[in-house]
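K.L.:
Sequence:
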Amino acid sequence: MEKLNEKLIDVESHNEKLENWRNAFQMKYFWKETKTKIEQVLGKFDHLQIKNTKLIEYEEVILSEVIFPDEISN
Numbered sequence: 001m002e003k004l005n006e007k008l009i010d011v012e013s014h015n016e017k018l019e020n021w022r023n024a025f026q027m028k029y030f031w032k033e034t035k036t037k038i039e040q041v042l043g044k045f046d047h048l049q050i051k052n053t054k055l056i057e058y059e060e061v062i063l064s065e066v067i068f069p070d071e072i073s074n
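Residue 11 in full-length UniProt numbering sits at position 11 of the sequence shown; the count goes up by one each step and never skips.
Mixed in with the good hints there might be a few duds.
To be verified - Listed next, the in silico DSS-like pairs over lysine-lysine satisfying Cα-Cα at most 30 angstroms (straight line):
#1 K17 with K35
#2 K28 with K17
#3 K32 with K44
#4 K32 with K7
Stated by the list, open to error - Simulated restraints on C-beta separations:
#5 K3 with T36: 48 to 54 angstroms
#6 I38 with L4: 47 to 53 angstroms
#7 F45 with K7: 55 to 61 angstroms
#8 K3 with V41: 53 to 59 angstroms
Calculated directly from the structure, the hints in this document are not laboratory data. Even for Gly, the Cβ is constructed at its ideal location relative to N, Cα and C.
Using the sequences and the accompanying hints, generate a full structural model.
P.N.:
Okay, here's the thing in structure tokens:
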């Protein structure tokens, strides 16, 4: 009976270790997925920031080329 109890304790210990490994793997996977999503969002943000910068540059060019009415009369 004592050997059976020892085996049961070994099995429980082994199951606990497996559960810890499973949890660690799930956390690693979760963080990997989270990191990927963050990188995607930051990439989109960078793309929008570049587009915004280009729009500002275009706006400056357009405004610099506009002839205002008071300049026409001079």
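K.L.:
Does 47 to 53 angstroms hold as the CB distance between I38 and L4, or does it fail?
P.N.:
The hint (47 to 53 angstroms, Cβ to Cβ) holds, given that I38 and L4 are roughly 51 angstroms apart.
K.L.:
Given a hinted range of 55 to 61 angstroms, is it respected by the beta-carbon distance of F45 and K7?
P.N.:
At roughly 56 angstroms between Cβ atoms, K7 and F45 fall inside 55 to 61 angstroms, so the hint holds.
K.L.:
Look at the Cβ atoms of K3 and V41 and judge whether their distance stays inside 53 to 59 angstroms.
P.N.:
Because 57 angstroms falls inside the window, the suggested range holds.
K.L.:
Is 48 to 54 angstroms right for how far apart the beta carbons of K3 and T36 are?
P.N.:
Distance hint for K3, T36 holds at roughly 49 angstroms.
K.L.:
K28 and K17 were given as a pair; does the straight-line alpha-carbon distance stay at or below 30 angstroms?
P.N.:
Judged against 30 angstroms, a Cα distance of about 16 angstroms means the pair holds.
K.L.:
For the pair supplied as a hint, K32 and K44, is the alpha-carbon distance within the 30 angstroms limit?
P.N.:
holds, 18 angstroms
K.L.:
Decide if the proposed pair is consistent with the structure: K32 and K7, CA atoms, cutoff 30 angstroms inclusive.
P.N.:
violated, 37 angstroms
K.L.:
Take a quick look at whether K17 and K35 sit within 30 angstroms of each other, Cα to Cα.
P.N.:
holds, 27 angstroms
Checked against the numbered hints above, the structure breaks only hint 4 and satisfies the rest.
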